[in-house]
Amino acid sequence: MDISDRLRQLEQAAKGELSGAESADLLEQIRVRYLGKKGELTAVLRGLKDLSVDERKTIGGLANRIKTDLEQLIVERREDLTAVSSKDAAPDYTLPGRPCYFGHRHLITIVMDEIIGIFQRMGFEIADGPEIESDYYNFGALNFPPDHPARDEQDTFYVEGGLLLRTHTSPVQVREFEKRTPPVKIIAPGRVFRNEAVSARHYCVFHQVEGFYVDTRVTFGDLKGALEAFCFEFFQEGVKLRFRPSFFPFTEPSAEVDVQCFFCGGKGCPLCKYEGWLEILGCGMIDPAVFTAVGYDNDKYTGYAFGMGVERIAQLKYQVNDIRLVYDNDIRFIRQFR
Amino acid sequence: MKLPHSWLCELSGVNWSVEEMEKRLTGSGTAGVAERIDPAHFAHVVVGRIVKLDRHPNADKLLVADVESGRGTHTVICGAPNCAVGQKVALAVPGAVLKGEFEIKEITMRGVRSAGMICAEDELGLSDDHSGIMVFDDEALLGTPVFEYLGLDDAVFSFEITPNRPDCLSAIGVAREISVLAGKEFRRPSVTLREGGAKASAYVKVAIDDADACPRYAARIIDNITIAPSPWWLRKRLRDCGVRPINNIVDITNYVMLETGHPLHAFDYHRFGSKEVVVRRGRPGEKFATLDGKEHTLDETVLLITNGKEGVAAAGVMGGLNSEVEDATRTILLEAAYFDPLAIRRSARKLGFSSESSYRFERGVDPNGVIAAADRAASLMAQLAGGEVLAGVVDTYAKKISPKTILLRLDQVERVLGADIPTSFVEKTLRGLGMDVAAGENLSVTVPTFRPDVTREIDLVEEVARIYGLDKIPNVTTNSGPLFTPIHRRETVKEDLRRIMTGLGFDETLGSGMAHQGRMEKIDGVTAPIPVSNPLSDEFTVMRTRLLYSLLLSTGNNVRHRNVDMKIFEIGRVYHRGDAWPDEPVMLGILITGKAEGAYWRRPPQSADLFDLKGALEGLAEGLGIDAPVLKPAKIPGYSSGTAFEVYIGGRRIGSMGPVDRTAARLFDVKQDCFAAEIMVGELIALGGESREFRLPPRYPASARDIAVVVDQNVPAAKIFEAITGAGGELVESVALFDLFTGEPVPAGKKSLAYSITYRSREKTLADDEVDQVHQRIVDRLQAAFGARLRE
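Going down the list, the sequences are from chains A and B.
If you want the numbering used here, it's the position in the first sequence, counting the first as 1, plus 110.
If you want the numbering used here, it's the position in the second sequence, counting the first as 1, plus 478.
Don't read these hints as lab results, they were simulated from the structure.
All C-beta atoms, glycine included, are put in the ideal place defined by N, C-alpha and C.
Mixed in with the good hints, there may be bad ones.
To be verified - Pairwise CB distance ranges, derived in the manner of DEER restraints:
#1 Lys383(A) <-> His1039(B): 24 to 32 Å
#2 His1039(B) <-> Thr402(A): 31 to 39 Å
#3 Arg1081(B) <-> Gly227(A): 34 to 42 Å
#4 Cys210(A) <-> Glu1208(B): 34 to 42 Å
#5 Lys383(A) <-> Pro1063(B): 50 to 58 Å
#6 Glu132(A) <-> Glu1208(B): 51 to 59 Å
#7 Ile879(B) <-> Gly227(A): 47 to 55 Å
#8 Ser679(B) <-> Lys383(A): 16 to 24 Å
#9 Gly1207(B) <-> Gly227(A): 29 to 37 Å
#10 Phe212(A) <-> Glu1200(B): 33 to 41 Å
#11 Lys383(A) <-> Ile879(B): 36 to 44 Å
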C-alpha cells in the first residue's frame, strides 16, 4: 500500500474514534494510540527518513497536516466533554432573555406608509400643505361656490382671521398647481378636520391621502388603471373594483370606488353591511374650473385626482370597529400593530 | 330619499327586478339600496271582519270581538277605541310572530279566552301609529293575507342623491334615469284637468317684490274641497317614501313633491287674509309663526310670502300657522313657485331648520315645471277631495329662466374618458335625458331647466360617462408621468425618526392637533393658542401649541387603564400664530414614565429618570448621524422649574426637555414622574447628517489606563471630560465614565468619578512610557483645574 493512502486511512480511523469518544480517559487512550511516542502516526513519521527527498516533502507535509488536525480535534473534543459534564452550571434556558424591546408605529402611520409606498413606486412625488387653510384653497379654488349645499357635506371648523381647518387634502392640489407646470404627479398625505360629533364611526380628525396627476393625455382610463393597481397591491391581487358615478365639485366626472368585500368575497357580511362592497375612495377627472383657477390651459391638459380616508381603510383592513380607539393611544391597542 | 320599486316601474315603463334596478341606478350615480318588509312578519295575519262586539265582563276598557276570517270565527279581546261592527281589520291568529318578535298565542285575559289580535299599524311594524286598529276598505276580501292586500311585497329604495342632482329628488327624475339606462324613451305622465267656471284671477293676484329671489310664482284656486284622510294607496305611497300622511290636501302636495320634485304649498284661502299674494323680504324685527308653532323674528335674509299685510309662509321653507289648512277648510290657494336656491338656503339657515321643501329649493327645482306641478296637484284635489278647480293659473313669471345651449366637441368624450364611445350613443343618451341635440360636426345641446347642474361641455361628458358605465371604460395598464420623482428630506426624516424611535423601544402615539384651551394654556403659558371659533366640545377649543399636551393626554389615557410603564413618541404639527400665515412646525415629542425598561430577573426594575430621556436623545442623534446633544439649563413652561433644558446640537437649538411639571401632568390625571422632550424636526433636517469622510480603522494596538478622581460635587462631568481630552490631546482615543460614587469613603461634598481612558496612536505602537507621560499630564491638569485627588 502506498504510504499516503496508509496515512489517510489512519486519519479516517482516528477521527472516527475521536467522535465516538465519550470520556476524557477514552480520549487520552486514543491520543496515545495515534500520537503517542509509540503511536501509529508517530511510527509513520519516523519512517519518513527512508524516503527520497521528493517523497519526504509531499508525504511529510500530509503527515504533519494530519497530526495538527488530530491534535486540534482532541482539544475541541475535550472542551465539548468538559462542557457537557459540568451540568451544575447549565442555565435554565426557559428563563426570559434580556429584553430588547422594539417599539410600534401607530396604526395610522403603518397604513399611511403602506399607501404612500405603493404610490411612490408608481412615480408619485410627496407634497404637503398647511392644515390651517383659507377658504380659497379649501373651497373656492376647488369649485365650491359660496353658500353651496356641497359645503354642507364638509362640516368645517373655523379659526381666526377667516381661516379654517382644512376639511380635505385637496387644497394641496391647488397649492402645487400654482407652483408647477405639468406633468405633475403627486400624492399629499395629511391630517384633515371635520366638525362631526365623535362616534364609533366618526372622529373630528382623520387622515387622507390625496393623489393627482396632470399631463397632456391623462384620461379616466389612466385613473382606473392606477387605482386598480393600487388596490391589487394594497388589498389583494385581482380584487374587483366598482366605479360609481358621484359628485365632488372639484372633479367631473366624479366617482366613488368600492372594492369587493375581501372578507366575504362579495357574498355579504357584517363588514360590508351585507352589500358585498366596501367604499374606499373618491376620485374623478379634475374639474376645468380648478384648472382655470390655477391658470392651466384646459384645452392642453387633463388630469385625475383621488382621495382616500386612511382611518377608514385601516378600520377595514384591521376590522377596528371603533375609530375612537385610534386616537385614544392606549398602548395595548398600539402594540397590536407592526 | 325613499321611493318604492313599483312606482319607479310604473313611471319608467321598465320592469326591472329590484336587484337589477339597484345595480343599474348605483352604476349610474343614483345610489340606492332596496329594503323589503319580511313576509314572515305577516304570516297568519289576514283580513277579517268584526261581526260582534261586546264589553269585556271583567274589564271596563276592553272589548270582546268576534272576527270572521273566512275560515271560521275568532274571539279576540281588543282595547282600541275605534272598533266597530262590520269593519274589515287586520287579524293576527295564533302562529303569527309580529315584527319577528311578538308571538300571538291563545290566552285567557280576566276569564275570557282570546284567540288572536286585531292589529294597529305600529303592531305590524308599518308605522308608529297606535291611535287605533287599522281599518280596511269594504272591498277587502275576507281571509286575504294582509301582506298581499297591502302590497307589502313592494321593495323601497333609499337613495343618496348628490347635491348636484335636484332632478333626482323625485320619482319622475329617477324614473327618467331608469328609462335612459334601459334605452327606452321616457314619457312624463300626462295630467287631465277639468277646470270649473269661475276664474282664479278673480280670487287672487300675485305681486313679486324681489324677482331675483322669486323669479316665478303661480297660484291656483281649488274650491269646495272636503278635508278627509287620503285613500290607502296614497297613504301607503307616502309612508313608503317616509312621509307621514296628514289629510288629503297636505298629502297631495307632498305626493306631487315626491313625484315631480316640485315643493308646493296649500293655503286655506279663507284664512289667507286677503286676495293678494305679495312676495317680499322679511323686515327687521318682524314676527312670524311657522306651522310647527314656533315664532321667529325675521330680517331681510328671510324671503316671505305675505297677504300684503303680514307673513303667511316662509317662502320655500315652511307655511305659517295663520293660513294652515284645517279640517273645516273649503277652498285652497295652491302655491307653485320657483325660488332662488341661495335665497332659500339663507332663509332656512336664518330660521334654523331645513324642510323637504327647502332641501329641494336649495338644490334647484325646475322653474319651468311650476305649472305642471300645480296642475297635477289640482287634478288630484279634484279627484280625491271632491274639489272644483277654478279656471286658469295666476302665473307671475317675473324673471324668465330659459334652457341653455352648450357645444359638445365630439373628440372631448374620448379625450377625457379614454373610451371610444359611438356618437350615436352620445346623442341617444343626451336626448334620453331630456336634452335637445342638434347634430353636426359637433353637437349643439340644449339642456332643460330641470338640470341646473349641466352648464358646461364637461358636464355633458359626465352625463355620457355615467350612462355608458364607468366600469366599461378600459383601464390603462401602463404607467406614465414625469421621468424622475424626487424624494424630499422633510418626508424621509419622519420615516427615519420613526425607525429610530421604535428601534429605541418607543411606541408611537397620535394626537388630534386640537386641545382644551385651559389645559393648553396651563402647559404652555407663553404662546397664545389659535382658537377654534366653532369647537365641537371643550376638549377641542384651540389648536395645540406644544406636543407635550398630546403626550400627556396619551399618558393620562394609559395611566387610567393602569398602563403605567411607557416610552412613547409622537411626530406632528403644532400651531402658532405667524406673520402672514400660521406656522405649523413639525415636532417630535418623546415621553418616558414608570419603569421604563420593565422588569427583568437579572436586575431590579428601575424607575425612569432624566438620563433615560437623555440617552434616548443621544441614541436619536447617533441614529441620524448628527452630533450628540448638549443640554443648557433653562426655564421652560411645562417642565419642572430649575431642571429643564434647552437641547443644542452643533450650536443650533433643536428643542427642549426635562422632567414634566407635576401640576401640568396632574391636569391629565397623571400623578407619576414623566420625562419629556420636544424636538423641532426642521432643525434636525437642517443639521443634515451627511456622510462623513472615511477613516481607516486603526492598525496599532491601544493601551488602557483607569483613573479615579475625587472632586467637588458641583464640578460638572462635562468639564472633567473636556479637561481629559484637552490635556490628553490626539493620543486619547476614548474616555468612558464607568463609575460615579458619593458617600463613604468619599468625603462629604465630594464625588468620585472613575474613567477608563484608551490611548492610541495612528502612526505607531505606543511605548508604555509614552502613555504614562500623557496620562500624567491629564492627572496634573485635573489636579490643577479642580483640585482633584486621585483615588486608588
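Quiz item: Going through the earlier hints one by one, which of them does the structure break, listed in rising order?
Solution: Structure breaks hints 2, 5, 8, 9.
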